[in-house]
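Numbering follows this note's numbering, with no gaps: position 56 of the sequence shown is 108.
I should point out that these hints are in silico values taken from the structure, not numbers from a laboratory. Here the structure is a predicted model, which is why all the values come from computation and not from measurement. Among the clues, some could well be false.
As the list claims (entries may be wrong) - Result set (DSSO-like, lysine-lysine): computed pairs, CA atoms no more than 27 Å apart in a straight line:
{"hint": "1", "residue 1": "Lys-184", "residue 2": "Lys-165"}
{"hint": "2", "residue 1": "Lys-170", "residue 2": "Lys-184"}
{"hint": "3", "residue 1": "Lys-141", "residue 2": "Lys-184"}
{"hint": "4", "residue 1": "Lys-165", "residue 2": "Lys-141"}
{"hint": "5", "residue 1": "Lys-146", "residue 2": "Lys-170"}
{"hint": "6", "residue 1": "Lys-146", "residue 2": "Lys-166"}
{"hint": "7", "residue 1": "Lys-118", "residue 2": "Lys-141"}
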Amino acid sequence: AFKAAGISSATPNPAHGRFVRDSQGKLTGQVEETQAIGAFASHAPHINGEQYLANVGRFFAMASSKGCTTLHDCGIGSIDPQGDFGVLKAAMAKNPPVRMSGYLVSTAMETWKKLGLKPDNSSEHLRINGVKAWVDGTN
């Protein structure tokens, strides 16, 4: 994935993100923060909305099979705010075996405003707990 994204040990960390390196400066494979993860997004296999929705449904079923009743996302919309929330909303409309809660990323506030979203904009299955804000790259 690093090679496909053009990232080497010499690649600087993105602002507010990090490609973790070992004591010799070699990449470990660990990536921290949305800005670093985003470097891989355009190189990842692209799936359509139907496939995305099916994957979320399988994830919910797997979580439920392990005893989970509620899942939480600390950064709804980190990469594609409108698309991510749309898939999440469609998945919840199918009455999944789990509930979902989460925080909206503050970097997408204009999108959330246009969609009419705000904390406690809730349903039986989906609860928006708040807005996640960070100023220094920490989560």
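Take a quick look at whether Lys-170 and Lys-184 sit within 27 Å of each other, Cα to Cα. Holds, because 12 Å separates the two Cα atoms, which is no more than 27 Å.
Take the C-alpha atoms of Lys-146 and Lys-170, compute the straight-line distance between them, and say whether it is at most 27 Å. holds, 22 Å
Can you confirm whether the C-alpha distance between Lys-184 and Lys-165 stays at or below 27 Å? Cα-Cα ~15 Å, so holds.
Take a quick look at whether Lys-141 and Lys-184 sit within 27 Å of each other, Cα to Cα. Holds, at about 19 Å.
Given pair status - Lys-141, Lys-165, alpha carbons within 27 Å: This hinted pair holds, its Cα atoms lying about 16 Å apart.
For the pair we were handed, Lys-146 and Lys-166, check the Cα-Cα distance against 27 Å. holds, 24 Å
Given the hint that Lys-118 pairs with Lys-141, does the C-alpha gap stay at or below 27 Å? It holds: about 23 Å lies between the C-alpha atoms, which stays within 27 Å.
When each numbered hint is compared with the structure, no violation occurs for any of them.
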